[in-house]
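Asks: Using the sequences and the hints given, assemble the complete structure.
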Amino acid sequence: SQKIEQNSEALNIQEGKTATLTCNYTNYSPAYLQWYRQDPGRGPVFLLLIRENEKEKRKERLKVTFDTTLKQSLFHITASQPADSATYLCALSSGGSYIPTFGRGTSLIVHP
Amino acid sequence: DGGITQSPKYLFRKEGQNVTLSCEQNLNHDAMYWYRQDPGQGLRLIYYSQIVNDFQKGDIAEGYSVSREKKESFPLTVTSAQKNPTAFYLCASSGPGGGGQPQHFGDGTRLSIL
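Residue numbers (this note's numbering), protein chains in the order written: chain A, 1297 to 1408; chain B, 18 to 131.
Quick caveat, the hints were computed from the structure, so don't treat them as lab data. Just so it is clear, CB atoms sit at the ideal spot from N, CA and C, and this is done for glycine as well. Among these hints, one or two may not hold up.
[Stated by the list, open to error] Ranges between beta-carbon positions, derived for each pair:
| id | chain 1 | residue 1 | chain 2 | residue 2 | range |
| --- | --- | --- | --- | --- | --- |
| 1 | B | Lys74 | A | Lys1313 | 42 to 52 Å |
| 2 | B | Ser84 | A | His1372 | 34 to 44 Å |
| 3 | B | Thr22 | A | Ser1393 | 39 to 49 Å |
| 4 | A | Arg1357 | B | Lys31 | 45 to 55 Å |
| 5 | B | Gly33 | A | Thr1316 | 42 to 52 Å |
[Stated by the list, open to error] Here are some chain A residues pointing at chain B (derived, C-beta under 10 Å):
| id | residue |
| --- | --- |
| 6 | Tyr1328 |
| 7 | Arg1338 |
| 8 | Leu1343 |
| 9 | Leu1385 |
| 10 | Ser1393 |
| 11 | Tyr1394 |
| 12 | Ile1395 |
| 13 | Thr1397 |
| 14 | Arg1400 |
| 15 | Val1406 |
| 16 | Pro1408 |
Replies: Structure (structure tokens):
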């Protein structure tokens, strides 16, 4: 069955460092991979989408990579700030289905 | 501002009671979704609708029902048949373009049992 794995342990980093979150998947051939941010008690907010034929995408301090050979996406936040503390979800979808499958998310805590 | 509005933010259900969660969007999106989120779990799809007057079951539809009489509205009813309804419920919508479109979420309804 399709499986998406995100690290269940929280990632603790110091302010100013680069945070790197991982999304691995198995038994899936996604055409699109998305990253969302979720704050406690709120709905997820879309951050970035990357297509299967794209290796990397950037938006301000955010960078996403997508390696379909390794079946992995890395999500980087450079110059991290305490305000970046949240849970980050990855979501995969195929070209034929518009309904993404979500991972469980990884909590990021940025310490001042 | 365009977006998705869910209400109420908190809801309590008594034994044997049906409760309805509201979801309204003004993004002019055809597709709408309901997800359930439990602690430490990913989002699980309950129902989705691609167009008015049509909806499909998701992975965990048992004990839930929906309607889609208007493009803007997609209410979810948690019936008494749902034995473990305590969870955070999220409504979302997406525009045309298949899997390449992001989902826009509301801020959820937290349902608890009295």
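Asks: To test your reading of the hints: which numbers does this structure violate?
Replies: When the structure is compared with the hints, numbers 3, 15 and 16 turn out to be violated.
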